[in-house]
Each structure stands twice: as C-alpha cells, then as structure tokens.
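Protein chains in written order, with my numbering: chain A, 1 to 578; chain B, 1 to 578.
Bear in mind the hints are in silico, worked out from the structure with no lab data behind them. Careful: at least some of the hints might be erroneous.
The list treats identical chains as interchangeable, and a pair is accepted whether it falls inside one copy or across any two copies.
Said to hold, decoys possible - Restricting the straight-line Cα-Cα distance to at most 27 Å, the calculated cross-link-like pairs of lysine-lysine (DSS-like) are:
| # | residue 1 | residue 2 |
| --- | --- | --- |
| 1 | K205 | K494 |
| 2 | K197 | K293 |
| 3 | K293 | K522 |
| 4 | K293 | K566 |
| 5 | K534 | K387 |
| 6 | K387 | K197 |
| 7 | K522 | K566 |
| 8 | K534 | K293 |
| 9 | K534 | K494 |
| 10 | K522 | K534 |
Number of protein chains: 2
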Amino acid sequence: MLERYLPILQWLRTYNKGTLTNDMVAALIVTIMLIPQSLAYALLAGLPAEVGLYASILPLVAYAIFGTSRTLSVGPVAVVSLMTAAAVGNLALQGTAEYLTAAIALAFISGLMLILMGVLRLGMLANFLSHPVISGFITASGIIIAASQVKHIFGVDASGHNLLELVISIAEHADQLHWPTLIIGVSATAFLFWVRKNLKPLLIKSGMSPRIAEVVAKAGPVAAVATTTLVTFAFSLDQGGVRVVGEVPTGLPDFALPSFDTDLWQQLFVSALLISIVGFVESVSVAQTLASKRRQRIDPSQELIGLGTSNVASAVSGGFPVTGGFSRSVVNFDAGAETPAAGAFTAVGIALATIFLTPLLYFLPKATLAATIIVAVLSLVDLGALKRTWQYSRPDFVAMAATILLTLVSGVEAGIVAGVSLSILLYLHRTSMPHSAVVGRVPGTQHFRNIERHDVETCLDVMSLRIDESLYFANARYLEDRVYELVSRNDCVKDFILMCPAINLIDASALESLEAINLRLKDSGVRFHLSEVKGPVMDRLKRSHFLDELTGQVFLSQNDAWETLKSVEECPSMRANT
Amino acid sequence: MLERYLPILQWLRTYNKGTLTNDMVAALIVTIMLIPQSLAYALLAGLPAEVGLYASILPLVAYAIFGTSRTLSVGPVAVVSLMTAAAVGNLALQGTAEYLTAAIALAFISGLMLILMGVLRLGMLANFLSHPVISGFITASGIIIAASQVKHIFGVDASGHNLLELVISIAEHADQLHWPTLIIGVSATAFLFWVRKNLKPLLIKSGMSPRIAEVVAKAGPVAAVATTTLVTFAFSLDQGGVRVVGEVPTGLPDFALPSFDTDLWQQLFVSALLISIVGFVESVSVAQTLASKRRQRIDPSQELIGLGTSNVASAVSGGFPVTGGFSRSVVNFDAGAETPAAGAFTAVGIALATIFLTPLLYFLPKATLAATIIVAVLSLVDLGALKRTWQYSRPDFVAMAATILLTLVSGVEAGIVAGVSLSILLYLHRTSMPHSAVVGRVPGTQHFRNIERHDVETCLDVMSLRIDESLYFANARYLEDRVYELVSRNDCVKDFILMCPAINLIDASALESLEAINLRLKDSGVRFHLSEVKGPVMDRLKRSHFLDELTGQVFLSQNDAWETLKSVEECPSMRANT
Numbered sequence: 001m002l003e004r005y006l007p008i009l010q011w012l013r014t015y016n017k018g019t020l021t022n023d024m025v026a027a028l029i030v031t032i033m034l035i036p037q038s039l040a041y042a043l044l045a046g047l048p049a050e051v052g053l054y055a056s057i058l059p060l061v062a063y064a065i066f067g068t069s070r071t072l073s074v075g076p077v078a079v080v081s082l083m084t085a086a087a088v089g090n091l092a093l094q095g096t097a098e099y100l101t102a103a104i105a106l107a108f109i110s111g112l113m114l115i116l117m118g119v120l121r122l123g124m125l126a127n128f129l130s131h132p133v134i135s136g137f138i139t140a141s142g143i144i145i146a147a148s149q150v151k152h153i154f155g156v157d158a159s160g161h162n163l164l165e166l167v168i169s170i171a172e173h174a175d176q177l178h179w180p181t182l183i184i185g186v187s188a189t190a191f192l193f194w195v196r197k198n199l200k201p202l203l204i205k206s207g208m209s210p211r212i213a214e215v216v217a218k219a220g221p222v223a224a225v226a227t228t229t230l231v232t233f234a235f236s237l238d239q240g241g242v243r244v245v246g247e248v249p250t251g252l253p254d255f256a257l258p259s260f261d262t263d264l265w266q267q268l269f270v271s272a273l274l275i276s277i278v279g280f281v282e283s284v285s286v287a288q289t290l291a292s293k294r295r296q297r298i299d300p301s302q303e304l305i306g307l308g309t310s311n312v313a314s315a316v317s318g319g320f321p322v323t324g325g326f327s328r329s330v331v332n333f334d335a336g337a338e339t340p341a342a343g344a345f346t347a348v349g350i351a352l353a354t355i356f357l358t359p360l361l362y363f364l365p366k367a368t369l370a371a372t373i374i375v376a377v378l379s380l381v382d383l384g385a386l387k388r389t390w391q392y393s394r395p396d397f398v399a400m401a402a403t404i405l406l407t408l409v410s411g412v413e414a415g416i417v418a419g420v421s422l423s424i425l426l427y428l429h430r431t432s433m434p435h436s437a438v439v440g441r442v443p444g445t446q447h448f449r450n451i452e453r454h455d456v457e458t459c460l461d462v463m464s465l466r467i468d469e470s471l472y473f474a475n476a477r478y479l480e481d482r483v484y485e486l487v488s489r490n491d492c493v494k495d496f497i498l499m500c501p502a503i504n505l506i507d508a509s510a511l512e513s514l515e516a517i518n519l520r521l522k523d524s525g526v527r528f529h530l531s532e533v534k535g536p537v538m539d540r541l542k543r544s545h546f547l548d549e550l551t552g553q554v555f556l557s558q559n560d561a562w563e564t565l566k567s568v569e570e571c572p573s574m575r576a577n578t
Numbered sequence: 001m002l003e004r005y006l007p008i009l010q011w012l013r014t015y016n017k018g019t020l021t022n023d024m025v026a027a028l029i030v031t032i033m034l035i036p037q038s039l040a041y042a043l044l045a046g047l048p049a050e051v052g053l054y055a056s057i058l059p060l061v062a063y064a065i066f067g068t069s070r071t072l073s074v075g076p077v078a079v080v081s082l083m084t085a086a087a088v089g090n091l092a093l094q095g096t097a098e099y100l101t102a103a104i105a106l107a108f109i110s111g112l113m114l115i116l117m118g119v120l121r122l123g124m125l126a127n128f129l130s131h132p133v134i135s136g137f138i139t140a141s142g143i144i145i146a147a148s149q150v151k152h153i154f155g156v157d158a159s160g161h162n163l164l165e166l167v168i169s170i171a172e173h174a175d176q177l178h179w180p181t182l183i184i185g186v187s188a189t190a191f192l193f194w195v196r197k198n199l200k201p202l203l204i205k206s207g208m209s210p211r212i213a214e215v216v217a218k219a220g221p222v223a224a225v226a227t228t229t230l231v232t233f234a235f236s237l238d239q240g241g242v243r244v245v246g247e248v249p250t251g252l253p254d255f256a257l258p259s260f261d262t263d264l265w266q267q268l269f270v271s272a273l274l275i276s277i278v279g280f281v282e283s284v285s286v287a288q289t290l291a292s293k294r295r296q297r298i299d300p301s302q303e304l305i306g307l308g309t310s311n312v313a314s315a316v317s318g319g320f321p322v323t324g325g326f327s328r329s330v331v332n333f334d335a336g337a338e339t340p341a342a343g344a345f346t347a348v349g350i351a352l353a354t355i356f357l358t359p360l361l362y363f364l365p366k367a368t369l370a371a372t373i374i375v376a377v378l379s380l381v382d383l384g385a386l387k388r389t390w391q392y393s394r395p396d397f398v399a400m401a402a403t404i405l406l407t408l409v410s411g412v413e414a415g416i417v418a419g420v421s422l423s424i425l426l427y428l429h430r431t432s433m434p435h436s437a438v439v440g441r442v443p444g445t446q447h448f449r450n451i452e453r454h455d456v457e458t459c460l461d462v463m464s465l466r467i468d469e470s471l472y473f474a475n476a477r478y479l480e481d482r483v484y485e486l487v488s489r490n491d492c493v494k495d496f497i498l499m500c501p502a503i504n505l506i507d508a509s510a511l512e513s514l515e516a517i518n519l520r521l522k523d524s525g526v527r528f529h530l531s532e533v534k535g536p537v538m539d540r541l542k543r544s545h546f547l548d549e550l551t552g553q554v555f556l557s558q559n560d561a562w563e564t565l566k567s568v569e570e571c572p573s574m575r576a577n578t
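Next comes chain A alone, as it looks inside the complex (with noise of 0.2 Å):
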C-alpha cells in the first residue's frame, strides 16, 4: 500500500553503482536540454526567466519521489507554457506582480486537482481527449506558439489573442524591425533547423559513435545560446537595442504559500482543470509509450498524484505549471536513465546553474529563446493527421478541424472545450441510428444473415430485427421509429423478434423504449421477443419488470426463435428488398 504511494521505494531498494552512473549520465545530457528549454518557456508563459528555473527543480524531486515512470522528465513544457499565458493573461498584465502571483497559483491548483483526481482515480477524466482533439489542439498550439515568438525574431512589439491578431499586429509594428535582432534570430534558427536535421548524420558519418552524436546534437539551442550570449557581449548588442534576458537573480528560489484569494482561485479553476488534463494526457502518452519499450508498467492513478505534487513543488517554489516533456523524456530514456533518480540528479544540475550561471544569462537575446522554441513547437505541427483522420473518420476529423480552427481563432480554452464537446456529440451522434438488419435464415444452416444481402428464408408473420450496438437513450427512439416502420409496413406480422448478440448495454431509457414496443405491439397485436440475449443485459432485465411483462419470450438463440415461431405454412427462400 505504501509503494503504491511511494513508488520511491519500489526502486531504491535495488539501486546500485552501475544504476547510478547511467542515471547520472542521462541527468548530464538531460539538464544541458533543459536549460535553455527552461528559460524559453518561462519566456513564453510571459513569466522572467528565472522562473523556468525554479520549475526544472523541487517538481523534479517530487517526480522522482512519487511518479511510476522510470524515465519521464518533468519540466516547464510548451502546451502548457502556453495554456499558462493564455489563462493568466486574462487576469493581469505581462511583468506585473499579479501576474507571477497568478501564475504560480495556477500551478498550484493545477496540482491539487491532479492529486485529487489521483486518489480518487479519476484518471477517466482524461478519456474524454478524444485522440483527433488532442491531436488538432497540439497542432494548432505549435502555430500559435511559433507565431508568437516571432515578434522575438524581429525585435518588434506585437501582440494578440489569436494567430490573425498576431499576425496582423507583426504587421503593423514591421517600421520596428531590428536588424541585428533579426540576424541573432534567423541564424538561431537556421542553425537549430541545421542542428536537428543534419547533425547526427554528419557526426556519425564522420566516426563517431551514434550515441554520443546524438548527445552532441541535442547540445545545439547550448551552443546557440552560449554563441549568441557571447555576440551580443562582445559587441554590446544590449546597447544597440537587441533585447536579453537581463538581470536573472541568482541562487535558489525561497519557498513561499501561493496565494489563497479564492477570486483568483475562481477565476483560474476552468484554466487549472484543462491544464491538468491536457498536460496529464501528454505526459502519461509518453510515459507509456517509453515504459512499453521496456516493458515495464506505469499506473495512470500514480501518474495524477506524481504530476500533481509536482506542480505543488513548483508553486511553493515560485515556478510554473509542469509536466512530463515529450523530447527530454526520450532523450533521458535514449541517454539510458534507468530510475526516476536521473530526474532528481538534473535537478540538482539545474539548481546548480541557478545559483552559478545565471550572471552568464545577462546577455542572452530572447531572440535565440524565441529560435529554440520555434524549432521545438515546429515538430509538434502535424497536418498531415487531418488528412489520415479524413481517410479513416469523417466525424474524427469534424472534431480535429474544429479543434484546430477554434484553437487558431478564438484561444487555446475554447478550442479545446469545442473539440471535447463535439466529439461526445458526434459520437452520439454516431451511435444514434445503429446498424440494424432484417435477418433470414440461411437454408440448412442455423446462420441468420441480412435479407438484404443473402438469400434467406423468411416468414411473413414473423419478422426478426439484429441491432448491431448497445441501446441507450442516444438510440432508444431510433430503435422504435425502426420497429414501428417495419411492423407498419408488413401487416401480416404475428412475432417480431429482436436479435440481440451485439448489445452490451440496455439502459433505462432503452428500457423504456423496450417497454413501450412491447405495449405498442401488443396494441397492433403482435408478440414482441427477445433472441441472443447476453448474460449480464439479461441480468439487468431481470431487475425490471419488463420480462414479465413481454407478450413473446426470451430465446437463448435466434434459430430456436426461428423453429418456434415460424408457421408451419411454407416459409419460402427469399430476396427481398425491404
């Protein structure tokens, strides 16, 4: 019961030298990673750049303490920096002491819930994220963010709530445009694009191993940063008007209560609940994806409680909402962390750079930041999942486009809550007119089959109905239009039996429904029967009192209806084309 709490203790237990030197390295690799990606997404949550510091600590620790995964890195991220932006910039301005306040709040909350929902196990909460609506929201999350950082690139002042505000406001301010911001920018970029692509291939081609070719690649937004630091010092590219990062305060964060104004608390739970599940979803995905490889298990309720105390750790720390990061958990996992101990190592690594490094920050262009996110968030755009989810849904792509245009055009918030509620609604939709047949008998078998599609046997007083989904109220009322039409158009029918192998659930409003057939057949007087009927459907009916009130009966198999039923007159094979 306690390592189902503590899963800490699941691992230490066998933790030895060779364990410690692989998650040392993996911790190495991962914290050169993460400090530039710290910085950045502090810069896009509209938050100093110390704060994505504070955030790549304490939640690091606390992972490593109660999260299942062996090789999950825990940090700032850039869906979630940017859900950040969006929820607290609707509360204060950019720079202000409020909006910190509320940023951190946000984690805070963010964690709480997470906790909650994971003693409660409420893990389900995140099934509602239909895959095409995550898919779109990741997609359409990766343009704004790019967008975003634009502005960085060309040392301009715009802003806006959406990708046309933004776009339009680049284009206003264009007069601004700051040539050696621009130059930092571009070649930021193009070297990281050059790094990602080209790199590792050129690195192994030329002798060396492909796993310290990988590392070294991994090391290009250092590189970048590093280079264009020491540019803009050399040349005292702050005075010239590139913008920097500027004064970071050095050493560790001071623990401190987040506040507790139930306004702000308010005003920020929808924000807090999304951000929880949103980052849930990312980070267990990922989690999985990588436990898999090793066939080890994560177990999603762990999961909630590991990601909410972290966010609580960031908040008492002063940082920002986190959560498991796709790229730098399958660095760590390529870099063979073998314990969520390589998490807690590049904590100390990042604490050890806040307290020494940060001076070196002084002169880092937010341009370089703006370049590494750009080519991070780039990866996550992919548009080629409409046209897949086309190929394979059309209701699933409904859910995607919508997803991705609300998201572009009215916010992350309601873009998300519009792709949820349409895909619940297009797939009751779905399941609102089932698949049905009118079935036959294949002759000299006991196959009953589609009169549609096969040559059967029928009876004319006796009509048989197969249902291929399970009835529930999005369905019920279809079911009896159908049963209604058919019986309304074939006068002769005496039985009419409903073949039910395919429906795992009956509820009350198909009970109802059931019900009201009965009795409404019984007025037409025709007998209604049940055929197929699985065992835990038949021991719900049981608990009603719809058995006793059928006018036919229950058949364990269609054929035994059949041999009933049928009149001894002559039943011909048949085609027919009801």
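Starting from the known structure of chain A, fit chain B onto it as the hints suggest.
Using the frame of chain A, we list chain B on its own:
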C-alpha cells in the same frame, strides 16, 4: 414530396361524412376541456387569460395542415408554460407589455427552430434527452408548478424562483391569507380530485355508458369554473378580495409580426431551444403511443415542422409557446377523433368561445384556475420512477435524481442542462471501462470462454482478450492499459489476440491506441493479432495503414487464430485466476 410536407393532402382525400361526425364529436369534448386549461396555463405562464385562448386557435389549424399524428391535440401545456414563465421572467416583469412581447417572440423563435430542425431532419437532437432526465424533469416541474399555484389558492402575494423560495415566501405572506379565496380554492381542488378519481366509476355504476361517463368526467373543470364564477358573481366576492380573471378582451386576436429585436432574440435563444426540444419530446411520445394503437405511423421530422408551424402561428396571433399535450390528446383519441380535422374543429370551438364567452369569464376566480392546474400537474409527478430506476440502473438514477434536485433548486433550465450533461458523462463513463475477458478454448469445441469462469484450454505463449464494447475515445486508453498490464504480467507471451466480435466501431482514437499497442507489443517482442472483426469495422481499418503495420494477422475466427498460433508443446486445460 408535397404530401410529405403537407400531410393534410393524404387524409383529406378520403374524408367523408362518417369521419366528419367522429371528428366533430371529439372536437366538442376537447373544446370543453381546453377552455379552462388554456386560461389556466396562460396564468401559469404569467400571461393574461386571453393569450391562452389565442394559443388554442391558429396553432391547431396549423398542426391540422402540417402535422402527421391523426389525434394529437396541440395547444398550451403545463411544462412548456412553466418554462415560458422561467425564460420570460428573467427579462421582464409579469403584467408588462415587454413580458407579453417576449413570450410571443419566444413562441416565434421556438417555432422557427422546430421548422429548421424538421427541414434539416435534426430530430435526433431530442435523443440527447434520456428518459430518466425527461421523467425527472417532468416530475420536478409538476412539483414546482403545483407549489407556484398554492399562492392563488391562499390568495397571497408569494413569489420565488425555486421550490424553497416559494415555500418560504408563502409562509412569510401567511398573514395575507384570504379565507373566501381559500374556501373556493380548496373546494375546487377537492372537487376536481374527486371527479378525477370517482365520478366515472360512479356514473358507469348508475347505468351510464362508459364512453359518455368518460366525457362527463372530463367536463369536471368546466363545472368547477362555471360554479365558482357564478358564486363569485352572485355574492360579489370579487369586491370582497377574491381575485378574478377580470376584463378579457372580446373577439379574435389581431395578426401581428412578433418583435425582431436582436437583443431579445439572443437572450431567448437557449430558452427557445430547450422549450423546442422538451416540447417536441413530450409531443412525439404521445403521438407515437396513440398512432401505434391504430397501427398508424407518425414522421418525427414532419412532426417538428408541424409543431414549428403551430408555434409560429401562435406567435403571429398573439399566443405563447404550444406543443402536443398528453391528457387532451388521449381524450381526443378516446373520443374518436379520426383525422387532424378534429383539431381544426376544436380551433373553431375556441374561436367561438373567444368571441362569445369571454364576458362571462370576468368573475372566474384565479383560485379555480389554480385548482385545475394543481390537479392536472400532480398526475405528472411520478416519484415511483426514482425507485424503479434505482433498481434497474444506478447511473440512470443519478442522472434522474440530479435533474429533479437541480430543477427544484435552481430552476427548469439549469435542471435540464445538468441532466443532459450528466447523462452523457455517465454514459461515457459506463463505456470507458468495458467488460473484457481473457479467453481460452472450451475443450473439444470451437468456443472460447472467459478463463476465470470456465475450465478452458490456454497456452502460455498465446493470450486472447475479448472486449465487449465498441472502441472509441472514452475507452481507448483503458484498452491500452488492459493489454499492457496483461502482457507485462505474463513474460512468456509471444502472441496476443484481440477478439473483436462485439466491436461495432473503432474510431480514430481507438485506431491510434491499436497502433500504439501494435508498436509497443513489437518493442516487447509480442505479435499482435485480431480475430472476428466485423465487416464494416474491417472496411474502415482498410482505409488506414494499421493493417500494413500489424505485426500479426487478422483471423476470420478465433479458432483459426488459436489453431495457427498455439505452440506445438502441450497446451494444458486450466482454470486460471488472473
């Protein structure tokens, strides 16, 4: 085509003298019933009495032309009148011109929505109202309506937006209690209850034919109206403080277009949508019940148009929202109505009443109208349904109880919105952890059964899982969890078979999950197979790349899969408890 949109063309062709007589008799009886009802429901909606009469003329004619039910009686009904009061009460004070304008606009908007839904064949929207929600909503509405009428019986000035406020307000105004009003109100209520319960059997016992006894019993409210009006007139009780209907304009309503104020339309939009859907659901279920008794059919889409034109007709002739009423339709049916012409004749009856009878209504006590409302709506209250639903299905019970509670506490609109949302969430939750079973072969057969329930053959390196539900976003993640858990617990598994006979749909999220399962099992060295995939599901899978990437095969039958994959070593018959 023309006949589909103008059902009158179907029945008018065969109209003859016999039909005419029957329709006339039914119309006479319904008219007698409708006069007090239309006055009472206008009072309930907070409108002047004559508005109830106006809503009972043109709408009936419109339905006779466009409706598909032969016997539905359209006009003011209790629940829709309550919803009208709730919607309009938010925007204007009762008794003001704005209040009337808003009520008329509400009928117009609701009418347009219904027509649009009919033309677009969107009747499926009504499917989202599950039976427990609608039943709970009607019960709660009945309780609220009855409580809201108690003040008229007591002769006090109470008001309130929910049950508690109403009760407290009545208690606070108890000192206003007006004895003559109370005596009239209580006697009328007692009389009407007695008539409803005892008059018909009494009349039959005394030798009257059951059909005539039925009609006489239905005239109870008219008798109450006539008697109390006469008493009030004779003793000038109105001057002693008994509130009466007062001056009612004589003559037919004027035609006028409703308000086209866009602000008003926006404010009424959601209310109009809820009224449309609730009205439609109530009406169509009555119409269907009655139609099936004579093996007739109604067309739900055309019903939307019929009800829509009725509401538009109501609005242009100064009326408020209408729909098909349960009790009047049953009376119309029992009285022998054969075609919608009976409705048109009823309209003539009400028109005549509007011209000739309105002066007589001056002395009609409001307490009498309140009594007719109370007696009518208490028959809608069905608390027994709570118990039946509890026995059959807990999730449906939760949706029903929440609907009742929220309707009583927060009002009709909050109640219905919460009920619908909750029933959708609960359904998704129910299907998010579908029943599944690891299966093995029953020795000597080709049947595969749950290894936990049956003695079956299994094979250590082949595992088969049967899922008894369609796969979609709400359960896709659960499927992944289930598969990974099974595989990570059984190290020697080499082949994993997903048995799909109960899967009617695999949406894009579930496809992603299957792809993830395939890849992750591949990483663990396990091949992934499918068996017994249904035709339409297979067709859809062929449109994706999944089948190309599948590490295993798709087998037509589970037995084929088993025979192909089981190892040559002995597969023992076992009873596992995994």
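Quiz item: For K534 vs K494, is the C-alpha pair at or below 27 Å within one copy, between two copies, both, or neither?
Solution: Within. Shortest intra-copy distance 25 Å satisfies the 27 Å Cα cut-off; inter-copy 31 Å does not.
Quiz item: Is it within a copy, between copies, both, or neither that the alpha carbon of K534 lies no farther than 27 Å from that of K293?
Solution: neither (37 Å within a copy, 31 Å between copies)
Practice problem: Classify it for me, K197 with K293: is the Cα-Cα distance of at most 27 Å met within a copy, between copies, both or neither? | Solution: Answer is within; shortest intra-copy Cα gap is 25 Å, inter-copy 73 Å.
Quiz item: Quick one: K387 to K197, C-alpha cut-off 27 Å, is that within a copy, between copies, both, or neither?
Solution: within (24 Å within a copy, 66 Å between copies)
Quiz item: Is the C-alpha distance from K293 to K566 at most 27 Å within one copy, between copies, in both cases, or in neither?
Solution: Classified as between: cross-chain Cα gap 25 Å, same-chain 57 Å, threshold 27 Å.
Self-check item: Homomeric proximity label, K205 with K494: Cα distance no greater than 27 Å
Solution: So K205 and K494 fail the 27 Å test inside a copy (80 Å) and across (37 Å) alike.
Exercise. Go through the copies and call it for K534 and K387: within, between, both or neither, with a Cα cutoff of 27 Å.
Key: Intra 39 Å, inter 25 Å, cutoff 27 Å: inter-copy only.
Practice problem: Using 27 Å as the alpha carbon limit, work out where K522 and K566 are close: within a copy, between copies, both or neither. | Solution: within (19 Å within a copy, 51 Å between copies)
Quiz item: At most 27 Å between C-alpha atoms: does K293 with K522 qualify within a copy, between copies, both, or neither?
Solution: between (60 Å within a copy, 9 Å between copies)
Practice problem: Go through the copies and call it for K522 and K534: within, between, both or neither, with a Cα cutoff of 27 Å. | Solution: within (25 Å within a copy, 34 Å between copies)
This entry does not satisfy hints 1, 8, going by the numbered hints stated previously.
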